[in-house]
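**Q** Chain by chain, the residues run as shown.
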Amino acid sequence: MTATLNQPTPVAATQVMGLGAYRPTEIVDNEQICQWIDSSDEWIRKRTGIQTRHRAPADVSVTDMAEGAAREALEQAGLQGSDLDAVIISTVTHPFQTPSAAADLAHRLGATPAAAFDVSAACAGYCYGVAQADALVRSGLAEHVLVIGAEKLSDFIDNHERTISFLLGDGAGAVVIGPSATPGISPSIIRSNGEKWETISMESSLLNFRDTLAEARRAQDASALLDTENRLWPTLRQEGQTVFRWAVWEMAKVAQEALDVAGITADDLSAFVPHQANIRIIDEMVKQLELPESVLVGRDIVDAGNTSAASIPLALHRLAKENPEISGGYALQIGFGAGLVYGAQVIRIP
Amino acid sequence: MADKNEILAGLAEIVNEETGLETEEVQLDKSFTEDLDIDSISMMTIVVNAEEKFDVKIPDEEVKNLSTVGDAVDFIANAQG
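Protein chains in written order, with the UniProt record's numbering: chain D, 1 to 350; chain G, 1 to 81.
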C-alpha cells in the first residue's frame, strides 16, 4: 500500500494586518515636466489630475523603497521580519533580471529563510500579490506573507515622450497578510488579455539595446552610440485612448464582479481604491459603479502620479491614515495595466 | 434605426453631457478637436456612450477617422445600416 502524503492544513480566513508606505522626498511638478514636453500645468491637470509626482534619487533603489514600506506594515501588524513565511515584491522596475528584489528584502528584514519572489504584473501587480498571499495563507503553506508594490519608474521613462512618462512616479506600498477569525479578503479576480500585449509596453528590449550598442562600438561611431542610448534604452509607451477605454468600461465590470463574488454591494464599502492611472479613469469608474457618496475614493494620483504596482497600497495607506474611522471597513481595490493584466478583490482595512 | 438628424441630436446630447457644450453647437461640420475642443479621453467617453445609445460598435482604430461630428453621424448611420 502506498503511504499517504501529508498536505498543509488550510485556514478558513485571512486578513490584511498592516499597511506601509514609502514616498521618495524628491518632488517633480508639472512645470518641470513642461521643460521636457510641450505642455502646460493646466493641460496636465485637466487631462490626468496629476499635480506632482515623487521620484527617487539615484542612490535609492526599488528594494530600498520596498524596505521602507515593509517596516511600517510590519510594525502596524505587530510582527517582526522573522515572523514572515513569504515576501512578495510586485515590480516591473527592479533592474536585475535575477536575483529577485524580494530575496534581498527578506534578508534585510531578518525574514530568512522565508520564501521570496517578485511578481511581474505591472499595475495589477499588487492585486496579484494579495491574491497570491491570500492563497498561501489560506492553504496553510504560510502564516504571514508580506506583499509590496514597489516601483522606480523614473529609470524606465523617456522624459521627452508624451504618452506615459509624464504620468509616472516612484514609491512603494506594503501590506502584511495573515490568518483571521473572520473573512478579511474576498475571492480575488486575477486575469490577463495578451491580445493587447502591445498597448502598454517597453519600446525596445534589452537585447535590442545590447546589440545596437555593440554595433555602434564596432563602427567606432560615438554619435551613433549617443543616439543609441537615447533611443534604445527600454522605456515605456502606451496607446492612451485604447487603454482608457479598456480601463474604464471593461474594468468597471470587473470591479462590479469583484463585489459580486465578495457577496457585498457598493453600499457596504468604506473605500474604493483603483489603480491610480488617471483621475479621469478613476472618476469615470466611480460613475459606472454608481458608488454612494459615503464611499471614500483613493485619489492619491494628484500628488503621487501613477506609480504602477505601488499605486493602490500607497492610496490605501493614505486613505487609512487620513480617515482612521474606515478601519474595519471594506475597501474594493482593482489594478490593471501592461500585459494586459488585471486583478481585484475586497479587503477589510486594518 | 435612426435617421441622421436623430443621430445628430442624440450625439449632441452625449457631447453636452460629457463637456457641457450647448447642443446647438454640435453641428455636422464641426471638428471634435479643433472646434469643440474635445480631448482624446472625452472622445472615448463620447464614443462609448454613442455605442450604447445607438447600439453600434465603434472600434478603437476607427475613432481617429472621426474628425468631425458629420464623420461620426455617417459612421453610426452606416453601422446601423
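Hints were generated in silico from the structure; no laboratory data involved.
Be a bit skeptical, because a hint or two may be false.
Heads up, simulated PhoX-like pairs for lysine-lysine below, C-alpha to C-alpha not over 20 Å straight-line [to be verified]:
(1) K4(G) / K253(D)
(2) K4(G) / K30(G)
(3) K53(G) / K4(G)
(4) K253(D) / K287(D)
(5) K46(D) / K287(D)
(6) K30(G) / K196(D)
(7) K287(D) / K196(D)
(8) K57(G) / K4(G)
(9) K30(G) / K64(G)
(10) K287(D) / K53(G)
(11) K196(D) / K64(G)
(12) K64(G) / K253(D)
**Q** Which hint numbers doesn't this structure obey?
**A** 1, 6, 7, 12
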